[in-house]
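**Q** Now for the letters of each chain:
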Amino acid sequence: MTYDSIVIGAGYAGLMAAYALMRGGHKVLLLAKGYGRTHLASGGVDVLGYWNGERVGRPMEAVARLSAAEAGHPYARLPAESLRSAATLFLGAMAEAGYPFAGSVNENLLLPTAVGAARPVALAPQTMLAGDLRPGGAVVILGFNNFKDFYPDLIAANLQTAVTHLKARSVSLVAPGFENDADLAPLKLARAFEQTWFRKQLAEQLKPKLKGGERVGFPALLGVDAAAEVLADLQARLGSAVFEIPTLPPSIPGIRIAHAFEKLLRQGGARVQIGHPVVEVKVTGKRVESVAVKSAARLLHYRAGTFVLATGGLAAHGLEADSHGAVREALFALPLANVPAAGQRRFEPAYFGAHPFNKIGVHTDSDLRPLDAAGRPVLENLRVCGALLAGAEPWKEKSGEGISFASAYQAAQSIVKRAA
Amino acid sequence: MNSITTDLLVIGGGSTGAGIVRDAALRGFKTVLAERGDLATGTTGRYHGLLHSGGRYVVKDPVSAKECMEENIILRRIAADCIEDTGGLFVETEHDDPGYAAEFVAGCLKAGITVEEWTVAQALKREPRLDPKLRRAFWVPDAAIDSWKTVWANARDAERHGAKILTYHKTIKLIREGDAVKGAVLLNTRTGEEVTVLADFTINASGAWAGQIAALAGLKVTVLAGKGIMIAMNHRLTQMVVNRLKRPADGDILVPIRTVCVIGTTDVRVADPDEWPIEEWEIQHMLDEGEKLVPGFRAARALRVWGGVRPLYQPPTLGAVSDTRDVSRTYTLLDHPQTDGVSGFLTMTGGKFTTYRQMAEVALNAVCRHLNTERACTTATQPMPDSGEQKYYWLGARLAQREKDLHGDQLICECEMITRARMLAAFQQRGTDLDDIRRTVRLGMGPCQGGFCIYRAIGLQHQSRLSNAPAANAALVHFLQERWKGVQPLLWGDQLRQARLDDWIFQGILDVEHLPKES
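Residue numbers (this note's numbering), protein chains in the order written: chain A, 28 to 447; chain B, 31 to 549.
Isolated chain A, as found in the complex (with noise of 0.2 Å):
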C-alpha cells in the first residue's frame, strides 16, 4: 500500500498536516495509537495567551517579540505566515465541517474558564463566542446538581473578581430527565443536549430565572455532532445568548474538532485510521521507507513519499522517559534538543516554575525536518510537528494549537512544494 504522504498521529498536528496535504493534493494516510489531545483540551485554538509573565492582548505582535528573544522556541522557527495561514485554513475546515469558528490570531479573546479564571484564547467556536468578558456586562452560570465537573458558584465569584464591568451570578439545576442519576457522565449529558425534548424542558426551568441582558454560561456539553443547531435552539427558548466553558476531559468542544477533521479527511479522500498503532519503522540512508501498524496476527506495512510524525511529546508517547532520567523519540530515537545533563536539574521545586524538562523536543528545520546536534537533517522526508518540538510550555503558554497548526501547516507546504 503506497501513498504520498502518512502522518502519524491524531492529535492537532497530526489531523492539520493531514488535511492541510490532502488538500495540497496529496494521497494521504493517517495512522494513529489513538485519538489525540483535542478530547483533553479546552476546545479553543490558543496562538499565545502568556508571555514573558504577562497576559498576551495581541497573538501575533507577541509572537514576533518572543521569537526574536527565544531562538528556540518552535514558533522562532516558523515563518510568521504559516501561522495567519493555518488558522485560516482551520476556520475554514470548521465552517465546512458545521461548527464554525471565529476570533483571529491578532487578538485573543478573554474566555471564562471551569473555574473561573478569565483566560486568553485565539480562536473558539461558536458556541463559546458570548463568553467573552473583555465586554463585561452580566453573565450567569448554569450548572448541574448531578454533574460534579462544573461549580457555577466558585466561577461566578471568581469572574466577578478577575473582570472589572462584569456582574457574574450563578444558577443550579438538576439535569431534567436525570432526577435519578447524580453522576451524569459528560459525554451522556452532551447527548442529552441533542435531545429537543431536553432543552425544552430545561429552558422551562432556566427562562423564570434569567433576567433581561444577562448571557448564560453551560458547562461544555452542548451537543456532540451538532453544537450549532443546540446553541441556536437554547437561545431562541431562552431569549438570551448562551455560550460554553470549557470543562474537565473528555472534552466535548476538543471531541468535535476531532470528528469535523475526521469527516472532511474521509470525504477528501485521505485515509484515517485510528487505533492503528505504528510499531516499527524502515529507514535506509536518510530516507524513511515504510512503517508497520500492528494488525490482526500480524504487522502491515505501508510506504511513502514523505512521512510526518506528530506523535506528541511526554504527555503521549511520542517522547518515552524512562526511570533513569533518560529520554527518547519513540520511533526514530530522533536526536533531541534541551536535554539536561546528567546532574543537572530537571524539574524546579515550585510547581508554577519554569520546568527544564518540559522544553525537551526535536529542532527541526524552517521545513520541519529533524536536526542532529550539528544542525544538519537527519532524515530528508520526515516532518516533525506539534508537541514533539523542542522548546515550549505549551500549557503554559497557551500556545499548543498554534504551534501545532502552525508547524503542520509548514509542513506539509514544504512537503508539496517539493513534490511540485
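No lab work stands behind these hints: they were computed from the structure. Treat the numbers as computed from the prediction; the structure is a model and nothing was measured. Since no wrong hints were added, every one of them can be taken at face value.
Across the chosen pairs, the derived CB separations fall in these ranges:
hint, chain 1, residue 1, chain 2, residue 2, range
1, B, H125, A, K54, 49 to 59 Å
2, A, E88, B, D435, 48 to 58 Å
3, A, F379, B, D439, 28 to 38 Å
4, A, S199, B, E444, 14 to 24 Å
5, B, D115, A, H351, 35 to 45 Å
6, B, L436, A, S199, 15 to 25 Å
7, A, K54, B, L454, 55 to 65 Å
8, B, Q431, A, K54, 48 to 58 Å
9, B, N498, A, K54, 57 to 67 Å
10, A, E108, B, G438, 48 to 58 Å
11, B, Q431, A, K236, 30 to 40 Å
12, A, E231, B, A427, 37 to 47 Å
For glycine and all other residues, C-beta sits at the position ideal for the given N, C-alpha and C.
Got chain A sorted already, so can you dock chain B onto it with the hints?
**A** Just chain B, lined up with the frame of chain A:
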C-alpha cells in the same frame, strides 16, 4: 489566656500519643492530648503500613520481634477494620545469603512467631510477579494496617471517654516548678492563642521530637532521627507483604496497602527531624532493590515518594552510633522521676507503630505507680469503636459500598472511590484543609494524583459555603504545590504522562495560575 486543668497531658499525636490517650481515658484519667499538627502527621502517617509479625527483627533485634508478635495478635483483635490480613512472605532471592534461613526460622520459633515454609511453586502461584529465581519462601502473619485510621480510632474512642484532643497545638513551654513538671503552655498554631494546661502528669510521646520536648523541661534525652523513604507504586504488584530473607536493609520490603503497594525504606541519620531531603540515590536504590523482588519493577508506575523519621532512642551508655540500622527498634520508657529526679514527667519513645499499644500500656502503668493508683489496662481486649465485628478491611470494601448505590451519589474521587456524601461528611468533621481531608478519605492519593478530584473537592467546598472563592483558590494552588513535592522526583513513564495531563488540566484548561489573587 485559656487554661485547662487535667490529670494527664500527652504531648504528641502520633501512634504513641494516640495509644496513650486512649489507654488513659479508658483507665478513667482526665486527659488532654496536644499535637503540633494534625494527628498522625509525623512519623506515624509517613510509614509504609506494615503490621509487623516481628519476622523482620528475629535475628537482629529479638526483643522487638517478640513485642511485634504479641501486639500483632492484639491489634487484629481490637482494630480489625484498620487491618488487611495480607499475610507476609520472606523470600530468599539469588542475591541473599542462604545461611540466613536457618537463623530466621530459629528466631521466629524463639519469638513465638508462626512461620511456615512454602515451596517456591506455592509462593509463585500466590505471587506470580516475584522473581521466579527465588530459592525459598516462608509465610509469617505480617499484615497491612492503615496508620491514620488506627490513630483516629484511638483518638475518637479516647474522646468518647472524656479525653480532649488538641490538634494544631504546639507545646512551647513545659511548666516546671522546682523538681516537678506541672503541665505545659501550648500555642494554637491556627489562631495564635496560647493555652495553659495544668496536669498532674505529663507524658512526652513525641517520638523523634522527644529530645526537643524533654529539653523544654531542661532534660537531656537523645533520640536519633533515622530517615527512611518510601515509594508508592500504582498497582499492588504483590497482594502479600514481601520481605527479603536477610538482615534488615534498604529497599527490602514491599507492603500492599489499600490500592497501592509501598516499597521501603532507607535509613539515614538526619540531624533535624523536620528538615531533610529525599535524595536521588535513595530513589534509584529503592528501584534497584524492587527489581530484585519483582522483575520489571522499574517499568511499573511509581506514584509518589515520601519520607519519615524513625525515633531511635540512644541510651547514654551507648557510644557514638555509626549506622542507625544498628539501634534497637524496641521502645524505651524514660522514667524522669527516677532517673533525673524530676517528677510528673515521663518520656516514651522509640518503638514501632506495631507496638504502640504496648508502649501506651507500659507508660500508663508507670503513671499509675507514680500517682499511687491502681487502674487496670483494658486496651488489649476492648475493641476500637468500629472494630466490634472484628472484620478485616479488604481491598474491595469501598467498591462494595459504592455498588449498593451506583446512581444515588456522585463519585468525587474515582481512584479512591470517595462519594460526595463522604466528602461533605469529611468537611464537616475535619474542616476544609485539603491535606487533613486527604488523610481522612485518601483524597488525591490514587493514580490521577488529584487531577480530577481536587477541582471537584474545591468546588464542593465553595458550593457548600465552607470556603469563599479566595480561600478555595489558595487551597487549590497550595494542593498543586504540595503534590508536586511528592511526584516531582518520580516523573518518568506513565506517571510523567499523568503529570503532564494534570498540567494540561490545571494550567491548560483551568488556568489556575491566573486565578484572581487575594488583594
